[in-house]
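Number of protein chains: 4
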Amino acid sequence: MRKNETPCYYPDYLQLDKIIQAQSTVSKDYGDEAHDEMLFIITHQAYELWFKQVLHELHSIIPLFNKTPIDERELEKITHRLKRITKIQTVLLEQIKVIETMTPLDFLDFRDFLIPASGFQSIQFKEIEIILGLKSEHRIDFDKKSFYSRINEEHREYLLSLEQQPSLFELVDNWLSRIPFLKFEEFNFWESYAKAVDAMLQNDKEIITNFSNLSEQEKKQQFTELDKTRAHFDALLDKDKFHQLNDSGDFRFSRKALLSAVFINLYRDEPILQAPFQLLTTLLEIDERFTQWRAQHVLMVHRMLGSKIGTGGSSGHEYLQKTTMNNKFFKDLFNLSTFLIPRSSLPKLPEKLQQAMNYHYVNMS
Amino acid sequence: MRKNETPCYYPDYLQLDKIIQAQSTVSKDYGDEAHDEMLFIITHQAYELWFKQVLHELHSIIPLFNKTPIDERELEKITHRLKRITKIQTVLLEQIKVIETMTPLDFLDFRDFLIPASGFQSIQFKEIEIILGLKSEHRIDFDKKSFYSRINEEHREYLLSLEQQPSLFELVDNWLSRIPFLKFEEFNFWESYAKAVDAMLQNDKEIITNFSNLSEQEKKQQFTELDKTRAHFDALLDKDKFHQLNDSGDFRFSRKALLSAVFINLYRDEPILQAPFQLLTTLLEIDERFTQWRAQHVLMVHRMLGSKIGTGGSSGHEYLQKTTMNNKFFKDLFNLSTFLIPRSSLPKLPEKLQQAMNYHYVNMS
Amino acid sequence: MRKNETPCYYPDYLQLDKIIQAQSTVSKDYGDEAHDEMLFIITHQAYELWFKQVLHELHSIIPLFNKTPIDERELEKITHRLKRITKIQTVLLEQIKVIETMTPLDFLDFRDFLIPASGFQSIQFKEIEIILGLKSEHRIDFDKKSFYSRINEEHREYLLSLEQQPSLFELVDNWLSRIPFLKFEEFNFWESYAKAVDAMLQNDKEIITNFSNLSEQEKKQQFTELDKTRAHFDALLDKDKFHQLNDSGDFRFSRKALLSAVFINLYRDEPILQAPFQLLTTLLEIDERFTQWRAQHVLMVHRMLGSKIGTGGSSGHEYLQKTTMNNKFFKDLFNLSTFLIPRSSLPKLPEKLQQAMNYHYVNMS
Amino acid sequence: MRKNETPCYYPDYLQLDKIIQAQSTVSKDYGDEAHDEMLFIITHQAYELWFKQVLHELHSIIPLFNKTPIDERELEKITHRLKRITKIQTVLLEQIKVIETMTPLDFLDFRDFLIPASGFQSIQFKEIEIILGLKSEHRIDFDKKSFYSRINEEHREYLLSLEQQPSLFELVDNWLSRIPFLKFEEFNFWESYAKAVDAMLQNDKEIITNFSNLSEQEKKQQFTELDKTRAHFDALLDKDKFHQLNDSGDFRFSRKALLSAVFINLYRDEPILQAPFQLLTTLLEIDERFTQWRAQHVLMVHRMLGSKIGTGGSSGHEYLQKTTMNNKFFKDLFNLSTFLIPRSSLPKLPEKLQQAMNYHYVNMS
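One line per chain: the protein sequences are X, D, V and A, in this order. Per the numbering used here, residue 1 is the first one in the first sequence, and the count goes up by one each step. Per the numbering used here, residue 1 is the first one in the second sequence, and the count goes up by one each step. Per the numbering used here, residue 1 is the first one in the third sequence, and the count goes up by one each step. Per the numbering used here, residue 1 is the first one in the fourth sequence, and the count goes up by one each step.
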């Protein structure tokens with residue numbers, strides 16, 4: 001228990017003198033205070049508080065992930081912290097409904113005073129994006145340029161240096177690439193997998209051919225689609241093709257990492273793969289929620305500004321709409337289902353391999 | 001109380017013999033039942049149950065809205081029922097999180113048996129869309145064609161006949177067009193409004209000009225944006241220009257309706273405009289939530305299928321993505337903020353007009 | 001737009017130097033920092049930020065409500081701000097799920113260092129309770145004593161002085177008491193209402209008597225229940241009985257206020273009563289959400305501490321459980337349904353009265 | 001893919017002819033249909049649909065849990081299905097907000113026609129309660145009696161026979177009791193644990209003694225509390241005392257099961273304990289959400305009925321309030337924190353034991 005004499009006092013411990021004294025409306029400098037400016041300030045501050053917590057989790061995960069090999073004990077901890085981020089994201093989404101109680105007309109009461117400040121200038125949000133793996137090279141043009149040009153020197157340098165450090169995306173890629181089991185003694189998963197894939201694609205082809213209620217034109221469209229899928233599989237199984245698609249941005253993961261991710265998803269029931277499966281699923285959820293958050297943010301901005309320009313000079317909701325789909329961190333995980341095959345076609349693992357993926361003390365209970 | 005002798009029994013009243021006996025998995029006809037097919041069935045049934053409730057509300061609102069004039073007593077009732085729809089939509093959104101507990105691999109266990117059934121074939125959902133105002137002419141090509149070609153004769157005829165009836169969109173347009181007050185004795189709102197708009201746009205122009213941290217190229221882009229906004233205002237205030245934009249799909253409301261919607265938003269504090277303001281806001285919320293629902297649905301389908309084709313033969317998530325933004329019912333309400341001007345520039349209403357917009361018994365308390 | 005030369009910079013405007021620099025863990029003073037203490041701090045700070053916003057709304061409502069008569073224009077504004085509070089409360093509820101990601105074992109890593117700090121010491125939360133209407137006299141003993149004994153002199157004096165000022169509860173009571181219409185020319189609502197009530201209670205009595213599947217003992221119990229309901233009605237309609245029950249704490253509203261609240265609920269369709277009905281409903285929702293928040297807080301504390309004592313020395317979840325039900329602000333509104341009668345038995349209002357409750361400009365559209 | 005010729009049609013596959021044709025309002029038999037009765041029916045039907053899904057999951061879990069030993073592969077599956085139940089529960093909670101859009105006055109329009117039907121008569125809900133582990137002997141008197149007396153012969157027999165089968169509670173108890181590791185070669189966890197507990201309680205005693213801002217009376221109260229905690233620990237560590245408390249209902253788990261649950265919570269980082277920890281946490285969450293659901297249901301009923309009797313003859317919200325706290329399935333898991341000790345005092349496991357709790361193939365990556 002506390003060694004020192006002063007008892008802990010809640011308002012002091014939480015530094016509330018800072019937290020709840022940090023709201024100063026700019027509208028009151030120009031006349032009557034706009035009632036809703038306080039809401040605007042506090043909502044954004046609440047976002048920043050939670051961003052700090054997200055960063056606290058991410059910064060603690062990076063070093064855990066940066067070890068080789070990663071201790072099994074730590075995998076669970078990493079997933080637990082990532083899951084916490086998803087709960088925080090639910091709060092972030094819910095906060096949009098609070099700010100939406102400010103009507104466009106109420107926003108006009110103080111909007112002009114904020115120019116050219118903008119959500120672009122949330123250093124912490126960009127920090128989250130960079131640590132997760134969204135570097136300048138992945139941003140769309142407007143996002144890339146306007147962002148770094150609007151923040152001050154100190155912030156810019158901090159973020160640029162952060163871009164040099166390994167992101168969670170890269171560490172996950174490394175970790176996945178290292179996962180063993182895909183070749184095990186005489187077993188070569190990829191050969192069996194390739195055969196199973198062939199069978200499945202053949203099946204899909206028949207489905208389309210036999211669709212009585214598809215017009216010829218529609219069938220043609222579907223075959224084009226199917227060829228694309230087959231090309232994806234080919235790429236996964238063929239080194240050279242993969243690198244072509246990787247260069248064109250269709251894949252972000254390395255081929256080895258992607259292969260492992262598919263393996264984990266297919267054999268997730270094996271005890272040793274359960275934690276990795278949870279981890280990948282949680283990363284996907286984080287991505288999904290940021291996408292959702294961006295989508296709802298677009299709707300809110302659209303409703304608030306119509307086709308007016310944003311305070312930061314962006315074209316408002318149209319710009320944001322573009323980042324919604326583009327700024328996914330783990331888009332390969334979204335596309336992973338492309339490479340799944342039904343359990344019934346799944347190559348069976350050799351018994352020795354299964355044992356290697358279980359506990360010493362098999363059957364705890 | 002009950003006149004008849006048989007006491008009401010909960011399971012009979014709810015016809016549970018039908019409701020919970022209506023789940024028959026197709027996978028069990030082909031071998032082992034896929035555990036998650038039950039979830040798939042029940043989730044979709046829950047959607048259909050709630051769609052029925054949404055339709056119950058919409059079908060009750062249409063005749064209330066179809067009267068001229070609409071009794072003030074009814075306006076509140078209409079809004080109350082529309083608000084109920086938004087609460088149902090929150091449930092619909094939450095249900096996506098349940099279906100997401102089915103992993104892509106689990107879906108593969110029975111996906112092929114469902115072909116070519118598809119969510120396209122939800123008659124009730126299309127019914128909701130049509131009643132709200134989304135007719136064939138507003139759908140993107142794929143949506144339009146593939147939809148009517150996949151449902152049976154009876155369903156097709158029902159929906160086509162529904163397209164002939166007045167939609168909520170049309171009734172709202174009519175109602176808005178009838179709203180008085182915009183011209184009142186010597187007062188002509190549109191003249192004062194046009195002046196205020198001019199002042200505001202001049203102000204926006206200065207903002208851009210004085211932005212020190214915008215490059216010349218960015219400024220140019222912003223001026224283009226501003227010209228577009230001015231063109232919108234011009235269109236609102238100029239009959240001919242409006243009809244050009246209306247024809248090109250930039251507006252869906254009639255000009256009179258749009259003018260009234262702007263008026264209601266600007267003077268929403270006047271007692272008689274409070275109920276109309278609530279109603280418009282609730283319509284916007286319904287639209288927003290359907291947009292959200294579509295967006296989350298896209299993410300879910302993407303995660304479930306990757307780049308595979310949908311069971312209904314669509315290209316899955318890419319097709320859905322297009323409908324997300326296109327299928328808004330009241331897009332003019334989203335764009336309304338374009339036409340708002342700050343309270344400080346708002347033309348003051350003549351006292352006599354204000355009185356006309358208040359109660360007989362002024363100051364109830 | 002901004003008059004002064006310095007452009008507005010997002011991190012400065014939000015005073016982020018204060019907001020995200022105000023987290024200092026106490027665990028690091030005693031050894032290794034406990035990873036989850038940051039979450040503990042930030043969650044509580046997020047609560048305090050939102051409490052500040054709730055207070056911003058409440059402090060703006062009090063003077064609006066303190067006028068006689070209240071301008072109809074203001075009623076809508078009051079309700080809008082109260083509704084915003086309910087949206088904030090949804091965020092407060094969601095935040096519990098974030099803090100729940102901290103397991104009891106993780107909490108033990110720093111719990112002892114916090115003693116004797118406690119949520120009791122959230123001055124802003126107590127401020128909210130007091131402004132809404134929960135004064136010392138309404139608190140259960142433990143709550144009353146332990147609360148004021150644990151905060152410092154300055155905070156105690158501030159809150160005690162606040163207890164002297166009119167609370168929202170009192171202002172709502174005054175406003176309800178003033179509402180006209182209950183007597184209008186030859187019409188006396190209470191006489192007609194009393195008759196309708198008699199008929200309804202007679203009906204309920206028959207329901208119980210004719211229940212074939214209730215045992216004699218159960219029927220007896222129900223009749224006791226019914227007598228209690230009748231006593232409530234009697235009290236509402238009889239001045240002396242009312243004051244007896246009011247003294248014993250069964251009612252908190254004055255009789256006049258309660259009568260008006262019943263009237264508003266019964267005739268809420270009349271245009272002039274729609275805004276008051278919304279207002280009462282929103283107050284009820286605020287109360288409901290605080291009750292929910294308390295209930296979930298109890299569960300969380302129970303799970304976190306088991307039967308250990310709280311850091312503030314309270315017996316933890318058992319103490320909190322007691323406040324869950326006791327600390328409702330508007331419990332009469334929860335009980336209001338007791339006094340409702342079916343629409344079919346509702347006395348019809350005289351036409352002249354109905355006109356008085358409508359607009360000058362009847363039938364706007 | 002489909003073997004048979006008939007293509008799968010969405011409305012047929014979902015048996016929508018049953019699902020959306022099963023709503024028949026009773027109010028229309030007595031005059032005008034009450035608009036909101038449809039909402040009442042559909043909401044309850046949606047509940048029953050989801051209850052069926054919950055039962056589908058529970059019925060699939062029971063046999064998996066009933067094996068000895070349980071395959072590690074299955075543990076993950078069980079937890080996954082339990083987690084799905086928690087997502088369904090979130091929908092159940094959200095549905096309350098839909099039914100709350102029905103005001104008490106609207107409910108009065110058809111309430112009397114429903115007598116004596118009642119939520120008591122939801123066979124599926126009782127089925128869920130029984131399978132989870134709530135048997136007649138655990139119910140409060142009113143719940144026990146009124147429930148079985150109100151359902152028909154067939155339903156009663158079905159549920160009574162279900163009470164004879166092993167519940168999830170019992171199977172979890174068995175599984176926990178079998179978990180090894182607590183004694184391992186020369187290591188005896190319980191001896192080390194007992195010592196650590198002593199140290200911690202001594203510490204707590206000092207905390208209270210040194211509290212300068214607790215009055216003597218409050219300190220006395222805290223010491224009483226502490227003695228109770230010590231008694232709990234004693235009971236856990238002493239066979240005879242445990243059985244006394246178990247008989248008096250303070251514990252429901254067997255002592256061996258409770259010991260194992262404590263062990264799992266304390267050493268959850270060991271790979272082999274991660275899945276069991278997830279499982280226990282998920283059970284706790286299910287319990288927590290049912291408690292929340294009951295609590296919100298109470299509020300809703302209170303608001304809907306005031307102090308009127310329920311249609312099933314219960315005294316409405318007061319009865320429900322009592323079941324809220326009583327009907328927890330895994331209350332020992334809520335109380336588990338009582339038995340946790342800080343990580344710093346945690347006995348270190350022997351290396352050989354740690355190895356036994358890890359994978360064959362240590363350090364996968």
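For the record, the hints were derived by calculation from the structure and aren't laboratory data. Accuracy of the hints is not assured; some may be wrong.
You can't tell identical chains apart in this list, so a pair holds if it fits in one copy or across any two.
[What the hints assert, rightly or not] Straight-line C-alpha distance at most 30 Å; calculated DSS-like pairs for lysine-lysine:
no., residue 1, residue 2
1, K352, K77
2, K205, K28
3, K239, K18
4, K28, K183
5, K77, K228
6, K67, K205
7, K195, K219
8, K87, K228
9, K219, K135
10, K28, K348
11, K348, K18
12, K322, K205
13, K28, K241
14, K239, K87
15, K352, K256
16, K220, K18
17, K83, K239
18, K352, K205
Results of checking the hints against the structure:
For the homomeric pair K352 and K77, the shortest alpha-carbon distances inside one copy (29 Å) and between copies (22 Å) are both at most 30 Å. Taking the shortest Cα distances, K205 and K28 sit within 30 Å of each other only across copies (24 Å), while inside one copy they are farther apart (67 Å). Taking the closest pair of Cα atoms, K239 and K18 never come within 30 Å of each other, the shortest separation being 56 Å inside a single copy and 52 Å across copies. In this homomeric assembly, K28 and K183 never come within 30 Å of each other (Cα to Cα): the closest approach is 69 Å inside a single copy and 35 Å across copies.
For a Cα distance limit of 30 Å, the shortest separation of K77 from K228 qualifies neither inside one copy, at 39 Å, nor across copies, at 34 Å. In this homomeric assembly, K67 and K205 never come within 30 Å of each other (Cα to Cα): the closest approach is 45 Å inside a single copy and 42 Å across copies. In this assembly of identical chains, K195 and K219 lie within 30 Å of each other by CA distance solely inside one copy; the values are 25 Å within and 57 Å between copies. For the homomeric pair K87 and K228, neither the shortest alpha-carbon distance inside one copy (36 Å) nor that between copies (35 Å) is at most 30 Å.
Proximity of K219 and K135 under a CA criterion of 30 Å is satisfied inter-copy only: 26 Å between copies versus 40 Å inside one chain copy. Within a single copy, K28 and K348 get their C-alpha atoms only as close as 71 Å, which misses the 30 Å cut-off; across copies the closest is 23 Å, which meets it. In this assembly of identical chains, the alpha carbons of K348 and K18 never lie at most 30 Å apart, being 61 Å within a copy and 42 Å across copies at closest. Taking the closest pair of Cα atoms, K322 and K205 come within 30 Å of each other only across two copies (25 Å); inside a single copy the shortest separation is 34 Å, beyond that limit.
For the identical chains of this complex, K28 and K241 are neighbours neither inside a copy (62 Å) nor across copies (40 Å), given an alpha-carbon limit of 30 Å. In the homo-oligomer, the alpha carbons of K239 and K87 never lie at most 30 Å apart, since the shortest distance is 39 Å inside one protomer and 41 Å across protomers. Only within a single protomer do K352 and K256 lie at most 30 Å apart by alpha-carbon distance; the minimum there is 23 Å, versus 35 Å between protomers. With identical chains, the CA atoms of K220 and K18 are never at most 30 Å apart, being 64 Å at best within one copy and 37 Å at best between copies.
Taking the shortest alpha-carbon separations for K83 and K239, neither the intra-copy value of 34 Å nor the inter-copy value of 39 Å comes in at or below 30 Å. In the homo-oligomer, the alpha carbons of K352 and K205 never lie at most 30 Å apart, since the shortest distance is 36 Å inside one protomer and 55 Å across protomers.
Comparing the model with each earlier hint shows violations of hints 3, 4, 5, 6, 8, 11, 13, 14, 16, 17 and 18; every other hint is respected.
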